[in-house]
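J.: This is what each chain is made of:
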Amino acid sequence: MSAITFGGGGLPAQLMHLMDELAREQRIQNRDQAESEAAQALHHGLEEASALRKKAEHEHNGAFVNGLLTGLSGAAQASAASYMIVPSTGASPEELGAIQANNGQMSALGQAGGSLAGIGKATQDGYNAAAGESEAKAREHSARAQAANRRADAAQGEAQEAQRTSEKARDLYRQVMDLDHASRMAVLRG
Amino acid sequence: MNVNQAGSVSQKYMSASPVEPAGEAQGIERREGAPISNATAKILAEASPTTMIQALQIFARDLQRDSSESAILGKKQAVEEARKQVQEAMDRAQREANEKSTWGRRTETLGTIAKVAAVTAAVASIALTGGVSAPLLIGLAGTLLSVTAKPISQAVGGGEKMEKALTYGGAAMSLAAGGAGLFSSGAAATGTAATAGHAVSAGAQATGGTATAASGYTGYKAGEHGARATEARADEAQAKAVQKQMLREVEQLIELLQEVEKSFTKSIAAVQSARDSEAAANLVLAAGVRG
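Read top to bottom, the protein sequences are chains A and B.
The working numbering puts the first residue of the first sequence at 2, with every later residue one more than the last.
The working numbering puts the first residue of the second sequence at 6, with every later residue one more than the last.
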């Protein structure tokens with residue numbers, strides 16, 4: 002803060018100047034704070050976006066694995082069913098036995114394939130849980146960004162208020178100086 | 006303050022000067038667009054010290070204003086670009102959500118077809134083969150358990166965990182039934198009805214398998230569109246953060262511009278005041294000489 006003393010105006014002018022300087026200091030501080038908070042808000046906004054991208058990645062992976070395994074499961078079931086032999090009437094007991102054995106194998110294959118869908122679903126559930134965590138992180142960053150924005154706005158408002166105070170101080174100072182000037186002129190004119 | 010307001014403020018400053026230019030008061034005109042060096046040379050040659058100070062103030066103010074306005078216009082363009090990106094991301098998120106919903110409905114339909122086919126296959130196998138073997142009964146019970154897992158869980162308030170347990174339990178029962186059927190060697194009827202039963206059962210299983218395979222694809226597509234919708238949300242969040250920052254910077258620039266303008270007005274007034282004082286002192290001196 003400068004400690005300038007004025008040739009004219011006396012103590013009131015110096016007080017006004019001091020007030021002006023204080024307001025200016027306050028304004029600078031508030032602006033610095035507003036800038037810092039705004040930078041924080043930007044940082045959290047970008048982090049929110051990053052967390053959401055991570056979530057999208059988990060969702061995509063989960064969908065891919067589940068889709069793949071479910072597809073394989075269905076293909077196994079359909080293939081097994083297509084290889085099932087329909088017994089013809091009048092088949093001998095030996096033939097029936099062979100048919101039953103084949104169909105039993107196919108059925109087991111189909112059922113085993115079916116369990117792949119369950120594995121796929123469980124895997125996707127795991128990815129969904131990770132996606133949920135990313136979503137929670139994104140929300141946290143979003144809330145922080147909003148809070149930082151509010152603080153930045155408040156600091157900006159305070160800086161503007163300090164600016165107005167500073168202007169008022171300057172106006173007062175000018176008035177004092179004008180009065181001083183007028184009095185000097187009056188003295189000069191006799 | 007939005008960008009349009011910023012533009013209007015800038016426009017105001019462009020069109021209205023708070024004080025009369027010093028050059029005009031002294032009969033010196035600085036032509037718009039004329040080289041600065043010419044105007045400066047003319048001022049230096051013809052102007053009084055206070056006029057020169059005023060001219061320099063105007064010159065400095067013009068430079069500052071032009072610089073600030075250029076920066077504001079640049080930021081305004083960036084803000085507009087970010088706004089478009091936000092809008093585009095929101096639209097994309099909506100489109101992808103709709104697509105996800107469409108593919109999700111298809112997946113549900115295919116899942117229902119697969120479940121119905123599984124029940125049909127089991128019923129056909131039992132009803133038309135003429136013999137109700139234990140493995141078949143277990144298999145049917147398992148399939149029915151899997152199919153009805155959701156409504157049962159909802160009815161008893163078991164939640165998602167119970168639903169999963171019932172689904173997997175039913176699948177395990179069906180699997181066990183399939184294994185048991187593999188080693189069973191009971192004589193089955195081989196009449197026309199039995200043949201038809203086998204055919205219907207195999208056909209239903211094939212249908213169910215195909216529907217399940219298709220539901221794998223549609224499920225993947227639904228998930229993929231869901232992921233894209235989330236990506237669009239990420240783009241939106243990023244663009245919004247950048248837009249907010251740009252708007253803040255524009256506000257700061259406008260504030261700076263306003264301060265420069267106020268400072269200019271005050272400094273011009275101070276110089277004018279000094280000139281008035283000088284003139285008054287001269288008058289007093291002249292009066293003294295005459296007296």
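If you're looking for bench data, these hints aren't it; they were derived computationally from the structure.
Incorrect hints may appear among the rest.
Cβ-to-Cβ under 7 Å is the rule here; a few derived chain A residues that face chain B [stated by the list, open to error]: (1) Glu60; (2) Thr71; (3) Ala163; (4) Arg165; (5) Ala183.
Each residue gets a CB set at the ideal place from its N, CA and C atoms; glycine is no exception.
J.: If a hint holds in the structure, say so; if it doesn't, say that too.
T.: Going down the list of hints, with the structure as the test:
| no. | hint | result |
| --- | --- | --- |
| 1 | Glu60 | holds (4 Å) |
| 2 | Thr71 | holds (3 Å) |
| 3 | Ala163 | violated (12 Å) |
| 4 | Arg165 | violated (11 Å) |
| 5 | Ala183 | violated (10 Å) |
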